[in-house]
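Chemist: Below are the chains, spelled out letter by letter.
Number of protein chains: 2
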Amino acid sequence: MKLKVYVDRMSQPSRAILIFCKVNGIDFEEINIDLTKLQHHSLEFKNVNPMKQVPAIVDGRFKLFESHAILKYIACAFPGVADHWYPSDLFKRAKIESVLDWHHTNLRRGAVGYVFNGTLAPLVGRKLIPKVAAEGEILLSASLETIESFWLTDGGRFLLGSTQPSIADISLVCELMQLEVVDDEDRIRILKPFTKVKKWMEDTKIATRPHFDEIHEALFKVKGILQKRRISAATLKINSGSKL
Amino acid sequence: MKLKVYVDRMSQPSRAILIFCKVNGIDFEEINIDLTKLQHHSLEFKNVNPMKQVPAIVDGRFKLFESHAILKYIACAFPGVADHWYPSDLFKRAKIESVLDWHHTNLRRGAVGYVFNGTLAPLVGRKLIPKVAAEGEILLSASLETIESFWLTDGGRFLLGSTQPSIADISLVCELMQLEVVDDEDRIRILKPFTKVKKWMEDTKIATRPHFDEIHEALFKVKGILQKRRISAATLKINSGSKL
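Note that the protein sequences, when read in sequence, are chains A and B.
Under this note's numbering, think of the first position of the first sequence as 1, with each following residue one higher.
Under this note's numbering, think of the first position of the second sequence as 1, with each following residue one higher.
Next up, chain A with everything else stripped away, as it sits in the complex:
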């Protein structure tokens, strides 16, 4: 029985799992749970993940949610996953655990707070909350500074100075890719001070191509829609201004 992966490609941890599975040649079935249609609240999906969140997996009789737990499970349960993704070496693995734990309460919290409350909320019927978005941006920038000055300082192209990517690289870069949906000016402004971060994002994309680009197509589609809306809104503003 194939591994079932329940995802919405607009969700950054969903994309991380899809990319990881594809890069490692894992035979899986992708099941789309459309968050904008509130499919994560369906009774059927509640049987998969009672927390009503994507990503989640079903592997035979085994059910699991939380993206980091899923990445580790897949890295260990399927043959052929190269060791660098989740090293069996105790010290290397511990450091990756440390990055992943740090991610929860820093980069992820900041990025989600900023992107969701500043841009994405209306897509799932919620209101924008500029104050929460602003708080998110502060934590996001502090987290980017930590990646730039600490997690990327040990020589290699990837986190912790590794010469090859780990599940932490995929998880964190997919999080940062979510910035594509905000206004381009804002994204460029936020990332501008962080040269190493931008290089690392590019290196992670290259290391996981062509899957990285393919899995991110959905995000770029939404980016395009939001950009058009912004242009329409700006044009409307200019036109209504000229009529005054």
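If you're looking for bench data, these hints aren't it; they were derived computationally from the structure.
Careful: at least some of the hints might be erroneous.
Identical chains blur together in the list; that is why a pair holds if it fits in one copy or across any two.
As the list claims (entries may be wrong) - The list that follows gives simulated cross-link-like pairs (lysine-lysine, DSSO-like), each with its CA atoms no further than 30 Å apart:
#: 1; residue 1: 192; residue 2: 127
#: 2; residue 1: 52; residue 2: 131
#: 3; residue 1: 92; residue 2: 22
#: 4; residue 1: 205; residue 2: 2
Chain A is fixed; fit chain B onto it per the hints.
Modeler: Chain B alone, transformed into the frame defined by chain A:
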């Protein structure tokens, strides 16, 4: 060279690591980093953990921070740690990872938001923020409901239906013990609906005695001080009221 464990016993993840080490007979040196004296901002401690947070460990040349990563490292690096703490079985371990990841963005976020912003902030020179505390309480109660109705439903006395505790039990119960410092009425009100949670907390205490009680003495000392302050403040209020 002994394992060095940098902690403040007022920090709940610090206590989790101390209890875990003591229960498992690990030979370690406890180094107190007094958060109220801002010792976590010292240059010396920055060399141990650049994130300026406890807990952190130094094991020979190896440095590590983030409490879950530390618990897993110790469980794997030291001989004699019973398998139930962090099972080598792939499926059991994956479920524990899932609880630990869930903890970061649910119970921990809720409990810290509530306890720190509603009670502890002044001890480290910060202001109380009642609005953030109230938001924290909502997430804390929702997380308690999830523990009660989901994580504790599989039969055993511990999380995931286990008959013996894991690192997740220690981590989550230490988090909930932080509620001891809030007003007793509030703690009792918040925990009241959750019979299984209260039983599980008691079972975890029993399973890790006498270390659990010993390590929590510092917390109960602060609880006593805060209780006295509350009584003094209430008395002052009554007295000044009677003078009106």
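Chemist: Against this structure, judge whether each hint is valid.
Modeler: Hints, verified against the model:
{"no.": "1", "hint": "192 <-> 127", "result": "within (28 Å within a copy, 33 Å between copies)"}
{"no.": "2", "hint": "52 <-> 131", "result": "both (26 Å within a copy, 27 Å between copies)"}
{"no.": "3", "hint": "92 <-> 22", "result": "both (24 Å within a copy, 25 Å between copies)"}
{"no.": "4", "hint": "205 <-> 2", "result": "within (27 Å within a copy, 42 Å between copies)"}
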